[in-house]
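Those sequence lines, one after another, are chains A and B. Counting in this note's numbering, the first sequence runs from 1 upward without gaps. Counting in this note's numbering, the second sequence runs from 1 upward without gaps.
Calculated directly from the structure, the hints in this document are not laboratory data. Hints should not be assumed to be uniformly reliable.
PhoX-like, lysine-lysine: derived pairs with alpha carbons at most 20 Å apart [said to hold, decoys possible]: (1) B:K266 - A:K265; (2) B:K177 - B:K204; (3) B:K177 - A:K265; (4) B:K16 - B:K59; (5) A:K60 - A:K71; (6) A:K8 - A:K60; (7) B:K59 - A:K265; (8) A:K87 - A:K76; (9) A:K139 - A:K127.
Chain residues, written in single-letter form:
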Amino acid sequence: MLRLRDIKAYYQTPGAVVKAVDGVTLDVGENEILGIAGESGCGKSTLLKVLYGSLEPPLKIVAGKVEAELKNEGGKLVTLGPREIRKHWWRFISYIPQGSMSFLNPVVRIEQQFLDAVARKQQFTNKREIHERISSYLKELQLSIEVLNAYPHQLSGGMRQRVLVALGTFLHPEIVLADEPTTALDVVTQKGVLLMLAQVRERMKNSLVIVSHDIGLHYQIAHRIAIMYNGKIVEVGPTERVFEMPLHPYTQMLIQSLPRVGDHKHRQGISGRPPSLIDPPAGCRFAARCPFVMDSCREEMPPLLEIEPDHFVACYLHREPIQPGKGVR
Amino acid sequence: MSDLLLEIRDVTKVFKRGGVLFGTQFLAVDHVNLSLDRQKPSVLSIVGESGSGKTTLAKIILKLHEPTSGNVLLEGKSIFGTHSNLDSLGYYRTVQPIFQNPFETFSMRKQVDSYLYDTALNLKIAKDRKEARDIITDALSSVGLEINAVAGKYANQFSGGELQRISIARGLIPRPKLIVADEPVSMIDASLRMNIVNIFLSLKKKYHVSFIYITHDLSTAYYVSDYVAIMYRGDVIEYGSSDRVLTNPMHPYTELLLNSVPAVGKKWDRHLKLPDVELKEYQNTACKFANRCPFVQPVCRQNKPPRVQIPGDREVLCFKPVDYALDRTTLSLERETTYRDDLKVNLPGPESLSADGGGPKS
């Protein structure tokens, strides 16, 4: 559906070059939810900007390419530059941002924002038809039609986020990108918004890329999960497998650090901090915080290898595909 | 001297919206009673979604808001009203805050350690900067930092986790008995979150500091706290030891919260209806959760639910905690019988059903 080939996207400022995404290869499959997890500053939002073609200076793609299979071009794989991706906004690819308040125009009613954003892209004969399409779509998503007449500040945070989901999926895009769609929301609303996203995707059979630092959230809805650390992808795999058998020490420590209700076991966070993106180390980026660090880790970045079907990891602890039925560590 | 460190006595806070004639009242905190023991340091979590009044309550405890009615007592001394016999200095030596966003706690234009010196000098903990330096070194070391790594630096030179630890160290300078932490880890990366939470536990053990931990994250609340108060639209709807409340909830809302945690190992059930209009719930004088409750009965929409006392220092604001607990299939048979026996003795009679709230709990 959408392929990233060895993407390097850097923020090129006069003082320094911040290597936010440094050699990422990732596929977004058809009809799947892909979760991208990682701590703040690991480049996950920048990766999403690359996918969305929303690159503004100083951010620049310095190497690699984005390839997409466009249905209206006969399913052929074409290379897309940021400009080309922009032409396909809303219809092929759409974006649900984190801060609903800064994305929605505060002085324009929701209905007008629908018209501005998406209705222009679609051929409609008259205004009533547009209005009916929007209202029936909101009804389909079980949102009350009153929101169309409201200004953004009159809606609660959860409601605004649901309006954004409706806006982003109105034209049935083939790929929906969501950048921390629920960070500012509390747990109950978060669950509501995420389930809504998952249900809408289920109905449209399209792909959803969801970025969040909360790996519990990925466990709940993602089919595949990619763990990012310091501009690199360190592990990708089916969500079930990654949580059952995390291969990268970073993934293992992340999962182990999560407290659970009903379990009083002592939990430890990961000590230390990630290296600078301006001058990253030559070897594995996690080496300084890794309890299993070896000499080879500090010399060269381990390649992303397929250890079991569809489960990739970049770590020297895992160089060989594992035998079926044999656990690792 | 009272044997309670902190007593929140029937605290209510009303915010007004709009004008005098047509304005609406907004009950942010509704007759809340909570207390913390003085002898045994403990962590009390106040859990609720946004708009539940948990931050307003924290601000009242921190003297940043004045309650509309009720009072807060610190070691038996009231901190509000004309009879207040506690000065600010004494108050902030006993109670210290930690705020949510460490990048807003510290200004980018001021050196971070100047906040530490200011705290030590303004609260008259230290006579001069030299003495202050020793106290600060001590406070920083108890959160795992060194003074040389902090001195002379600005906030943007630290990660969020480090800044939050400096924020805790600042709070520790006067050796407070109580720290009120408002969502202290929600802005911190998941990989560092547990390090901060573990600091709370070690401070409780080492310095006998009690904590009020405000959060909407039930899993860290379970990990860190001894007691938990679940708030909904200004009401404390369930209170008790965190072990019992969070593993065996008796209020339907507590269970809704628990089922919404994105926990690893337990997948969500696939249906949840979010409410459309929320403001009305604050003004509702009957049960505020009635519109969302799966076990709602006619009485829930007419009267305020009673505060049902359950043995083991636990209470639930619900008409049917017993039946609700029995309806739940997850309850084991053994638990069912114990709760049934517990509650037979303590269920209020019909005459007390219309009374609003219970008395202060001690």
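Non-conforming hints, listed in increasing numerical order:
3, 5, 7
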